[in-house]
Each structure stands twice: as C-alpha cells, then as structure tokens.
Amino acid sequence: MAIELLEAARSGTADYVSLYDRMDAAIAKVCVGQTASSQGTPGRLGNDELQSDVRLDLVKADADLVCESFNRSIARWLTEWNYPGAQVPRVYRKVEPPEDLNQTADRDKKIVDM
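The sequence shown begins at 1 in the working numbering and counts up by one.
Hints listed in this document are in silico derivations from the structure and should not be mistaken for laboratory results. Every residue, glycine too, gets a C-beta built ideally from N, C-alpha and C. Where hints are given, some of them may not hold.
With a straight-line Cα cutoff of 27 Å, these simulated DSS-like cross-link-like pairs (lysine-lysine) come out [unchecked claim]:
(1) K94 x K29
(2) K29 x K60
(3) K60 x K94
Listed next, with one range per pair, are the computed distances between beta-carbon atoms [what the hints assert, rightly or not]:
(4) K109 x L65: 39 to 49 Å
(5) A25 x A86: 47 to 57 Å
(6) D24 x A86: 21 to 31 Å
(7) M23 x I111: 46 to 56 Å
Can you make the complete structure from the sequences, with help from the hints?
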C-alpha cells in the first residue's frame, strides 16, 4: 500500500484568516446577539443602548431557560424526595436592572408636595 501526500492546488485568494474572522464574528453574534462588543469599529457612535437591550434580552431568555429546566427537574425531584406531597418551590432569577431609587424618591416628593 502506497501513501502519497496530496496538496490541493490553491487558486484564488483563499485565506484561512478571513475564514477564521468570519466564523469568529458569526459565533460572537450568536452568543452575544451583536458584534459591537466583541469587534470594535473605530469612530462609531450610537446604538450602545440598543446593544445593551439586546444583551439584556439574551440574559433574560437564558435565565428563563435555566430556571425552567431547574424547576422541572432538580427542584421537583428533591422536593418529592424530601417532602412528599409538598408543593414544589419556583426558582427564578431577577435580571432586570434595579430601579433608580433617587428618581423614585424625587417623584414621590413631588406628588406629596402637590
């Protein structure tokens, strides 16, 4: 049996670096929802709030999936094993940013002063 080393003839500008960059950008977009945080664009202004909203949406969706899976499996199993007949507790994560208490206090003060 003879084994020969064959090499494909490269015609054109096939570049593995550009393939790597394209795949890296695709993975970043899937994981983070956008590429601005992982790939900077010099001189680019705006859209930061929109990108933060996209990130928050992804965090909420991931938290919902993890909590739902935990509630259907581990929480149910442990509750039924340790406390038969008891209601299964619902585990969830709060991912919304906390309310600005200074703004709420100013609003309430204005209402009281009316």
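Check your understanding: What hint numbers does the structure not satisfy?
Key -> Result: hint 6 breaks, nothing else.
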